[in-house]
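A.B. asks: In order, the protein sequences belong to chains A and P.
Per the working numbering, the first sequence starts with residue 1, numbered consecutively.
Per the working numbering, the second sequence starts with residue 1001, numbered consecutively.
It cannot be assumed that every hint is accurate.
As the list claims (entries may be wrong) - Selected chain P positions facing chain A (Cβ under 10 Å, derived; list incomplete):
| hint | residue |
| --- | --- |
| 1 | Y1096 |
| 2 | N1191 |
| 3 | I1193 |
| 4 | E1225 |
| 5 | R1282 |
| 6 | E1283 |
| 7 | N1370 |
| 8 | R1372 |
| 9 | D1373 |
Hint data in this document are derived by calculation from the structure and do not stem from the laboratory.
Bear in mind the structure is a predicted one, so any value in this text is a computation, not a measurement.
Even glycine gets a Cβ: it sits at the ideal position worked out from N, Cα and C.
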Amino acid sequence: MSNKKWKEIPIGGLILEPGNSVKYKTGGWRVFRPVHDPTKCSNCLICWIYCPDSSIIVKNGKIEKFDYDHCKGCGICARECPPKIKAIKMVKEE
Amino acid sequence: MRQAMTGNEAVAYAMKQINPEVVAAYPITPQTGIMQKFADYVANGQVDTEFLTMDSEHSAMSATIGASAAGVRAMTATSSNGLAYMWEIVYIAASYRLPIVMPVVNRALSGPINIHCDHSDTMGCRDSGWIQIFSENSQEAYDNAVQALRIAEHPDVMLPVMITLDGFIISHALETLSTYEDDKVKKFIGNYIPKHPLINPSQPVTYGPLDFFDYYFEHKRQQAEGMVNAKKVIQEVGRAFEKEFNRSYGLFEEYRMADAELALIVLGSTAGTAKAVVDMVREKGYKIGLIKIRCFRPFPEEELAEALKRIKVLAVMDRSLGFNGVGGPLFNDVRAALFGRNAEIKVVNYVYGLGGREITPNDIWNICNNIRDINLTGKVQSSVNYVGVRE
């Protein structure tokens, strides 16, 4: 994000551009990162439904990757992954 | 038109003429009279307002903010603890730069519980980002209500405005005042065209997002500028008002200041009593004048220092007590205004009238004698004095 000066931004903290939260990278907040094991994954997409930050990228009905620019590392995906599958592991960020 | 009205009725009358799209309110003495009268106007179909009776002042201010952000004129009113209960949202209204207008009928803050007049309620949020305009009587409360929207909605300002009137002394006292024709008031106020209404599907906008260390400071800097700009706009609107309605309003009123060596500074209804005392004391040969602060936020620092440049002793009368150990809020602001500009002046604080304690012409006469003695002897016995408290 470019850092504009005080005279260059809308007053009152207003956001005039819809959908621009994608520009705000929140990945740096993460302590644990989700790591996906495609060999265990059944592509049930429960994790995709639960992810509060739309950070699970799905292509052709299959989990492709995590969006690590926005994933805050909440761990909901790993928690919701069915017990018999457990295809997502939370790994400490180094 | 000359009409006999209480201060509360005068404000409600102005609100009728303003005809805001939304009014959200919760009752509290002594403000209730405003909303009671306004509710009559709603019930009688004399206004088109969506009138929301809320569950608290916190909700009343929240609803007012929601309506204002949506893009319409929105008002509420409160007093004392009601204003204190709004506090979190009062601050947000200013931060979102919403041109809300709120009459505040001044009443002492609890505790101990008290329903009568002092200025501790509005002083509690004097730096919350709201413009604060004080009224001396019902006429001024009405006139200030008529002017407030034009100040708030000015593109260089975009800040909410609090207009204050002293609880019971103005709010419940019947006075005659001049009201203006509906269409003239309507024309003076003009139409409100919001720049970024929340309800506009073709231009979606977000109000109240998270704002961290990267931008919060810039938004506060903008807000500070709005408050500085307000000083110019308040004077412009005052001049436009004078042209239209023949009554002059500036940042403060100077009364018999031209040759004065001694002066009183007051806020609100006490100005009326104090002017009468100034006249009486003048007859005794005192060169005394008075300044009535109308615009308390933004504080007219430079202009005030200029108006006081010939004054030798100044009595600052505070109808509230700041618990900072160094006197009332008006005293502190006045001293700060004079610092570096007028080193010779002696400034003395007279705290009075807390919780509705009466202030009499005799009390003010004593203050005049006190500052005359200071001028003669050059000695200030006590820089903070309590007038009317039993010693």
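A.B. asks: Less than 10 Å between beta-carbons is the criterion; does Y1096 (chain P) satisfy it with respect to chain A?
C.D. replies: holds (4 Å)
A.B. asks: Would the hint on R1372 (chain P) be counted as holding, given a Cβ-Cβ threshold of 10 Å to chain A?
C.D. replies: violated (49 Å)
A.B. asks: Hint validation: I1193 (chain P) versus chain A, beta carbon distance must be below 10 Å. Holds or violated?
C.D. replies: violated (16 Å)
A.B. asks: Is the shortest C-beta separation between E1283 (chain P) and chain A less than 10 Å?
C.D. replies: violated (52 Å)
A.B. asks: Return the status of the interface hint for R1282 (chain P): holds when the least beta-carbon distance to chain A is below 10 Å, violated otherwise.
C.D. replies: violated (47 Å)
A.B. asks: Is the hint on N1370 (chain P) kept, meaning its closest Cβ partner in chain A is under 10 Å away?
C.D. replies: Since the shortest Cβ distance to chain A is 46 Å, the answer is violated.
A.B. asks: Please verify that hint: E1225 (chain P), Cβ, nearest Cβ of chain A, below 10 Å or not.
C.D. replies: holds (8 Å)
A.B. asks: Under the criterion of a CB-CB separation shorter than 10 Å, is N1191 (chain P) in contact with chain A as hinted?
C.D. replies: violated (21 Å)
A.B. asks: Go through the hint on D1373 (chain P) and say holds or violated, using the shortest Cβ distance to chain A against 10 Å.
C.D. replies: violated (50 Å)
Hints 2, 3, 5, 6, 7, 8 and 9 from the list above are not met by this structure, while the remaining hints are.
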